[in-house]
Amino acid sequence: MKRIHLTILTVLLAGTMALPAAAQDAPVGAHHDPMDHSKMDHGDMDHSKMDHSKMDHGDMDHSKMDHAKMDHSKKMDHSKMDHGDHHDHDGAGHDHAAMPGVEAPASSIAFASTPEILAAQARGGETLGASVLGAVCDFCVKAMNKTFGKQKTVAATYVDLDTKVLTIVLKPGETMSDKTVRKLVKKSGYKIDGIARLPAATPMQKRLDRARLDLAE
Amino acid sequence: MGMRSLVLSLSVLCGLAAPALARPVSYEGGWTVIAEHDRQSTSGLLHYTPDPAFSIGLRTERDRVNDIQFTGLQGTWLAKRWFGEDFQANLYFFAAGGEAHGVSGNPGGSEAAGMIGVMADWETRRWFLSYRARGSDFGKLDASAMQAARVGWAPYEGDTGDLHTWFMVEIDNRPEAENPVDVTPLLRFFKDAALFEIGYSIGDDKPMINLQYRF
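Chains as they are written, first to last, in my numbering: chain A, 6 to 222; chain B, -18 to 196.
By construction, these hints were calculated from the structure, which means they are not laboratory data.
Be careful, since some hints might not be right.
The following label-pair restraints were derived from C-beta to C-beta distances [to be verified]: (1) B:175 x A:120: 18 to 24 Å; (2) A:188 x B:152: 38 to 44 Å; (3) A:204 x B:148: 24 to 30 Å; (4) A:157 x B:60: 45 to 51 Å.
Computed, partial: chain A to chain B, Cβ under 8 Å [what the hints assert, rightly or not]: (5) 121; (6) 138; (7) 141; (8) 142; (9) 146; (10) 147; (11) 154; (12) 158; (13) 188; (14) 191; (15) 193; (16) 194; (17) 196; (18) 216; (19) 219; (20) 220.
To list a few chain A residues with every Cβ distance to chain B over 12 Å, as calculated [claimed, not checked]: (21) 119; (22) 136; (23) 144; (24) 151; (25) 169; (26) 176; (27) 181; (28) 182; (29) 186; (30) 192; (31) 197; (32) 204; (33) 209.
The beta-carbon is built from N, C-alpha and C at its ideal position, and this holds for glycine as well.
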């Protein structure tokens, strides 16, 4: 089935390339409006060698796309993609929280970006964010920083009283289960409302983190 | 039923109460040192939290009005913590047992002594409410009870690590005191793991100074 889809896509792509110049000037988004991505499985796609640098998504209307049933969690590797300067994609119209492989609260968790957190991220560790109930004072902050700081797998932590989010950056290659996060927050005397994860930084993200860190300093 | 038994029973029955300071139980493995000085007594408590619902510590207290020195162990139990996105509320019970003796001219000898109490608080980043009640039995030396309620307001919501400032007012009731009811306006300063309070009782003209540090 996938082969059939790929073949159809290849034929369509070839047809598009063969269109007269006037037709090619039409907005790119005009080709996407009727598309239904909901049943597509992107799991086997290899974007690593694609050059997206000439794509202009600026005029695309993503609001009607249904990504809810797409499974991005398996084999997609965007780390080597070159999106160039034209790819300005703020995710508007998408509901990433509904995608498999991402816990629902992820979209509502604001990860901290303090110098310590950025420095730890730049070293390549996975980032976790936990929405904590009852965090109203610096004693709460102290409790969670101390409890997580004692863990050998943890590189940096930060509790934001405004967002009520505990951000944890693990050491490179380390993991921490949701169960462990909940247990440690409970040991601190508090309770978790939701957990979200960011994958370890890619080389590009590491460079960005270092740049942000330099700016912050 | 003797006076002491009555006082202790009333203290337990009057139930709802709140801590003079914040969070008398810490995180697992945490230590806390608390020093309090109010219109009647000066006390110190060093406690360790082996479980997030329980702390155990060494308490020393000098009742300056009745010239009594108490030293003993105190256990505090977090019976219930309510969590919300923007608030936290707690109900604690505590008990202490040890030795008391007269000081500063009080000829009273060494007595087995104890105290029990209950504390409750509700806190957001802007508002604070608390209540506490305590009954003390110092053997032949003295028996007493007290209760206090506090309301606090923060003029701004400080970020993590900032200096947090609170305006508070405490009303306390000590039936045997010269002024059974007194009002103490105070300021609370809170930064990182350190908390400092300074106030002044209007009726007794006595300062209130409280310190707490968590490590």
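Between residue 157 (chain A) and residue 60 (chain B), does the C-beta distance stay in 45 to 51 Å?
-> violated (34 Å)
Decide, holds or violated, for the assertion that all CB atoms of chain B are farther than 12 Å from the CB of residue 182 (chain A).
-> holds (19 Å)
Grab the minimum C-beta distance from residue 191 (chain A) to chain B and call the hint holds if it beats 8 Å, violated otherwise.
-> With Cβ-Cβ at 7 Å, under 8 Å, it holds.
How about residue 138 (chain A): closest beta carbon in chain B under 8 Å, or not?
-> holds (4 Å)
Hint check: 8 Å Cβ-Cβ cutoff, residue 220 (chain A) to chain B = violated (19 Å)
Could you check if residue 146 (chain A) really has its C-beta closer than 8 Å to a C-beta on chain B?
-> holds (5 Å)
Separation of residue 144 (chain A) from chain B, once the least beta-carbon distance is taken, above 12 Å | Residue 144 (chain A) not clear of chain B: closest Cβ-Cβ about 5 Å, inside 12 Å.
Residue 193 (chain A) as chain B interface residue, shortest Cβ-Cβ below 8 Å | Status holds, d = 5 Å.
Could you check that no beta carbon of chain B comes within 12 Å of the beta carbon of residue 197 (chain A)?
-> Check fails; 10 Å does not lie beyond 12 Å.
Lying within 24 to 30 Å: is that true of the beta-carbon distance residue 204 (chain A) to residue 148 (chain B)?
-> Hint violated: Cβ distance 46 Å, outside 24 to 30 Å.
Grab the minimum beta-carbon distance between residue 151 (chain A) and chain B and tell me whether it stays above 12 Å.
-> violated (6 Å)
Examine each Cβ of chain B, and state whether all of them lie more than 12 Å from the Cβ of residue 192 (chain A).
-> Answer for residue 192 (chain A): violated, closest chain B Cβ roughly 4 Å.
When each numbered hint is compared with the structure, violations occur for hints 3, 4, 5, 11, 12, 13, 18, 19, 20, 21, 22, 23, 24, 25, 30, 31.
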